[in-house]
Amino acid sequence: MYLIKRDDIKKIAHALEEKYTLYGPYLDEVYGQCFFDIVNGDTVNVNAPIPTNPPKQVVFPHLEKIMQYKYDKKAKKADIAMLFDDAPRALFGLRSCDLTGLQCIDRFFLGQEFVDEVYRHHRSRMFIVSNTCVVPFKQCFCVCTDSGPAANEGYDINLTDLGDSYLAEVGSEKGKAFIEAFHFPAATDEHAKLKQKLVEKSITMFEDIAVESKAWVSRVMNRVTTGFIKEEIWEYIGNQCLECGACSYVCPTCTCFNINDASTVEGNTYRLRTWDSCSYEGYSRMAGGHNPRKPIEDRRNKRFFCKLSYSQSKKYLRPGCVGCGRCAWVCPGDIGLPNVVTYIRREIHE
Amino acid sequence: MSEQKIVTVPEIATIEEIKDEIVDVKTFYLRFDNKEIDGNFKIKSGQFIMCTVFGAGEFAVSLPPSPENDRFHITVRKIGKVTDALHDLEVGDKVGVRGPFGNGFPFEEIKGKNVIYVAGGIGLIPLRSSIVHVLQHRNEFGRILLLYGSRSPQDLMYQYMLEQWQKIEGFETFITVDNGTPEWKGNVGIITTLFNKVEIPVENTVAFVCGPPVMFNAVIKELMQRGIKDDMIISTLERHMKCGVGKCQHCAIGRTLVCTDGPVYTYRQIKTLGEQI
Numbered sequence: 001m002y003l004i005k006r007d008d009i010k011k012i013a014h015a016l017e018e019k020y021t022l023y024g025p026y027l028d029e030v031y032g033q034c035f036f037d038i039v040n041g042d043t044v045n046v047n048a049p050i051p052t053n054p055p056k057q058v059v060f061p062h063l064e065k066i067m068q069y070k071y072d073k074k075a076k077k078a079d080i081a082m083l084f085d086d087a088p089r090a091l092f093g094l095r096s097c098d099l100t101g102l103q104c105i106d107r108f109f110l111g112q113e114f115v116d117e118v119y120r121h122h123r124s125r126m127f128i129v130s131n132t133c134v135v136p137f138k139q140c141f142c143v144c145t146d147s148g149p150a151a152n153e154g155y156d157i158n159l160t161d162l163g164d165s166y167l168a169e170v171g172s173e174k175g176k177a178f179i180e181a182f183h184f185p186a187a188t189d190e191h192a193k194l195k196q197k198l199v200e201k202s203i204t205m206f207e208d209i210a211v212e213s214k215a216w217v218s219r220v221m222n223r224v225t226t227g228f229i230k231e232e233i234w235e236y237i238g239n240q241c242l243e244c245g246a247c248s249y250v251c252p253t254c255t256c257f258n259i260n261d262a263s264t265v266e267g268n269t270y271r272l273r274t275w276d277s278c279s280y281e282g283y284s285r286m287a288g289g290h291n292p293r294k295p296i297e298d299r300r301n302k303r304f305f306c307k308l309s310y311s312q313s314k315k316y317l318r319p320g321c322v323g324c325g326r327c328a329w330v331c332p333g334d335i336g337l338p339n340v341v342t343y344i345r346r347e348i349h350e
Numbered sequence: 351m352s353e354q355k356i357v358t359v360p361e362i363a364t365i366e367e368i369k370d371e372i373v374d375v376k377t378f379y380l381r382f383d384n385k386e387i388d389g390n391f392k393i394k395s396g397q398f399i400m401c402t403v404f405g406a407g408e409f410a411v412s413l414p415p416s417p418e419n420d421r422f423h424i425t426v427r428k429i430g431k432v433t434d435a436l437h438d439l440e441v442g443d444k445v446g447v448r449g450p451f452g453n454g455f456p457f458e459e460i461k462g463k464n465v466i467y468v469a470g471g472i473g474l475i476p477l478r479s480s481i482v483h484v485l486q487h488r489n490e491f492g493r494i495l496l497l498y499g500s501r502s503p504q505d506l507m508y509q510y511m512l513e514q515w516q517k518i519e520g521f522e523t524f525i526t527v528d529n530g531t532p533e534w535k536g537n538v539g540i541i542t543t544l545f546n547k548v549e550i551p552v553e554n555t556v557a558f559v560c561g562p563p564v565m566f567n568a569v570i571k572e573l574m575q576r577g578i579k580d581d582m583i584i585s586t587l588e589r590h591m592k593c594g595v596g597k598c599q600h601c602a603i604g605r606t607l608v609c610t611d612g613p614v615y616t617y618r619q620i621k622t623l624g625e626q627i
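Order-wise, the sequence lines are chains U and Y.
One point on numbering: in the numbering used here, the residue at position 39 of the first sequence is 39, and numbering is uninterrupted.
If you count the second sequence from 1, you need to add 350 to reach the numbering used here.
Some clues are possibly wrong.
Calculated pairs, DSS-like style, for lysine-lysine (alpha carbon to alpha carbon, straight line, at most 25 Å) [to be verified]:
| hint | chain 1 | residue 1 | chain 2 | residue 2 |
| --- | --- | --- | --- | --- |
| 1 | Y | 355 | U | 77 |
| 2 | Y | 376 | U | 74 |
| 3 | Y | 385 | U | 76 |
| 4 | Y | 621 | Y | 571 |
| 5 | U | 73 | Y | 369 |
| 6 | Y | 547 | Y | 579 |
| 7 | Y | 428 | U | 73 |
| 8 | Y | 579 | Y | 621 |
| 9 | Y | 428 | Y | 517 |
| 10 | Y | 385 | U | 73 |
| 11 | U | 230 | U | 5 |
| 12 | U | 77 | Y | 547 |
| 13 | Y | 461 | Y | 385 |
| 14 | Y | 621 | U | 76 |
| 15 | U | 76 | Y | 431 |
| 16 | U | 230 | U | 214 |
| 17 | U | 197 | U | 5 |
| 18 | Y | 571 | U | 70 |
| 19 | Y | 461 | Y | 394 |
| 20 | U | 74 | Y | 394 |
| 21 | Y | 376 | Y | 392 |
| 22 | Y | 461 | U | 76 |
FYI, nobody ran anything at the bench for these hints, they're computed from the structure.
Here the structure is a predicted model, which is why all the values come from computation and not from measurement.
Using the sequences and the accompanying hints, generate a full structural model.
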């Protein structure tokens, strides 16, 4: 544990910038919104509110070339090459919900029978600096999903704003080697206790700040898993869905993708992997037009099954929702996850 | 080298022969260019592969060959962008293959039982593998029946195989068409009409059903009425697939993924998945 003066925090960002492509939150003056994207040591803003987009795009880009091939029909010759990207990237100022989301994706892509090689390469040389939320935001409910307000694991360095300085905790060998080079003063147990106090205080602040976002996830998990939820509830939820797919795009754990082959005029073809959303009608439509999941409520309950069911949790080793509140933030209907949990809970009388 | 499973990079295979089956359906006999793969590409009945048509894309397709002593081939209907492009290919052209994926039909578990195959239209393609495999081990099973229906005599799949099968002693084949032609001497009527003409074994019997959803539901009803239990009815499902290895989630049905948990399900499982067939 080290103590870093407020003004010195940029030193870390600058040092990371030398070895890695730096990603972090920044305040976009034009839109007045905070985004998570490529930044430099000067533009990164550790105090910025939770960004509108999760860091998912760094490890799972919206559109990416995963394979390239060329087929010479005359010579009957095909050349195939996978395109892997293992450029070093640093994520700076990650909130604990987003870090938990990243861990969910890790477990999903790397922890099952088949390892996703494209993802593994993205993830192979990554440096993560997380940031404790000493104050929650309006849409947050990470306390309901056990993913905040402070990260417990998965980071190389974790920062906590203690007021006049930051507490830096080390989470890996890589993080240790990195921060030792700065010769920051060591922090004491007092500082650790102070952090603990701040985290506890942050949890109590949810009651006043995140007034409308509460999701009693454990209460509905059983129902979602076993399917004992009335069809009318899914219809009610489905009727509010505009099929825009925004919830999937801003979700830190949604990773459904589509694959398309696109050819260039030179005769090269790229296999493209793009984000997809289970709310789209074409998602489950097969060649020939048969679509087993036609009504919108069928597709909507799929997403919440993914976030809230026990079966899916086995893949993430935790619920699929990390409580960042972005789905509620972007939904043009009124079916962000906290609301859906409420709708289902209302029907449970025992 | 042990058994091959091609997950990430498609292996290149050459089309050795193309056989016209029915309108818009062709069989493509394939051979892997990599000799090491060619001899070691072991499949199970009921599994599927992801086939790349260069320049067009990739599609999931069931495997009709038997796991033992059979030429590697796929039978594909021209139905979308990628399969259209596949049908335009000629002998000697290359395709990419990933797989085999999926759980496959049970084989050891059904030994000693009577086996009924019920297929509708091109639903015979995925069942072909199991039929041939079971016939290769004829004496390990009880009665073997095939109930097969299609729209018209021209729509009967694998006609040359059907003729062979009809000659095999102890393989009871019953064929029907929805709409007959003057030349058609066989049964006319939808597949369920066969059920009244055939003595169906019920005890110690397993039924494989594959066909369009309407036919599937009607057949299930007939089988259940006769007392065949839902866990003794086996089918293979079709879904929109992109990766084949449980990552893209397109084929999610209920809590399972058709690519890794399926595509073979018992009717008991299908009932609990809570989705249309």
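Here is how each hint holds up against the structure:
{"no.": "1", "hint": "355/Y x 77/U", "result": "holds (23 Å)"}
{"no.": "2", "hint": "376/Y x 74/U", "result": "holds (22 Å)"}
{"no.": "3", "hint": "385/Y x 76/U", "result": "holds (17 Å)"}
{"no.": "4", "hint": "621/Y x 571/Y", "result": "holds (13 Å)"}
{"no.": "5", "hint": "73/U x 369/Y", "result": "holds (20 Å)"}
{"no.": "6", "hint": "547/Y x 579/Y", "result": "holds (21 Å)"}
{"no.": "7", "hint": "428/Y x 73/U", "result": "holds (21 Å)"}
{"no.": "8", "hint": "579/Y x 621/Y", "result": "holds (12 Å)"}
{"no.": "9", "hint": "428/Y x 517/Y", "result": "violated (31 Å)"}
{"no.": "10", "hint": "385/Y x 73/U", "result": "holds (22 Å)"}
{"no.": "11", "hint": "230/U x 5/U", "result": "violated (55 Å)"}
{"no.": "12", "hint": "77/U x 547/Y", "result": "violated (53 Å)"}
{"no.": "13", "hint": "461/Y x 385/Y", "result": "violated (34 Å)"}
{"no.": "14", "hint": "621/Y x 76/U", "result": "violated (47 Å)"}
{"no.": "15", "hint": "76/U x 431/Y", "result": "holds (21 Å)"}
{"no.": "16", "hint": "230/U x 214/U", "result": "holds (22 Å)"}
{"no.": "17", "hint": "197/U x 5/U", "result": "holds (20 Å)"}
{"no.": "18", "hint": "571/Y x 70/U", "result": "violated (50 Å)"}
{"no.": "19", "hint": "461/Y x 394/Y", "result": "holds (15 Å)"}
{"no.": "20", "hint": "74/U x 394/Y", "result": "violated (34 Å)"}
{"no.": "21", "hint": "376/Y x 392/Y", "result": "holds (23 Å)"}
{"no.": "22", "hint": "461/Y x 76/U", "result": "violated (44 Å)"}
Of the numbered hints listed earlier, those contradicted by the structure are 9, 11, 12, 13, 14, 18, 20 and 22.
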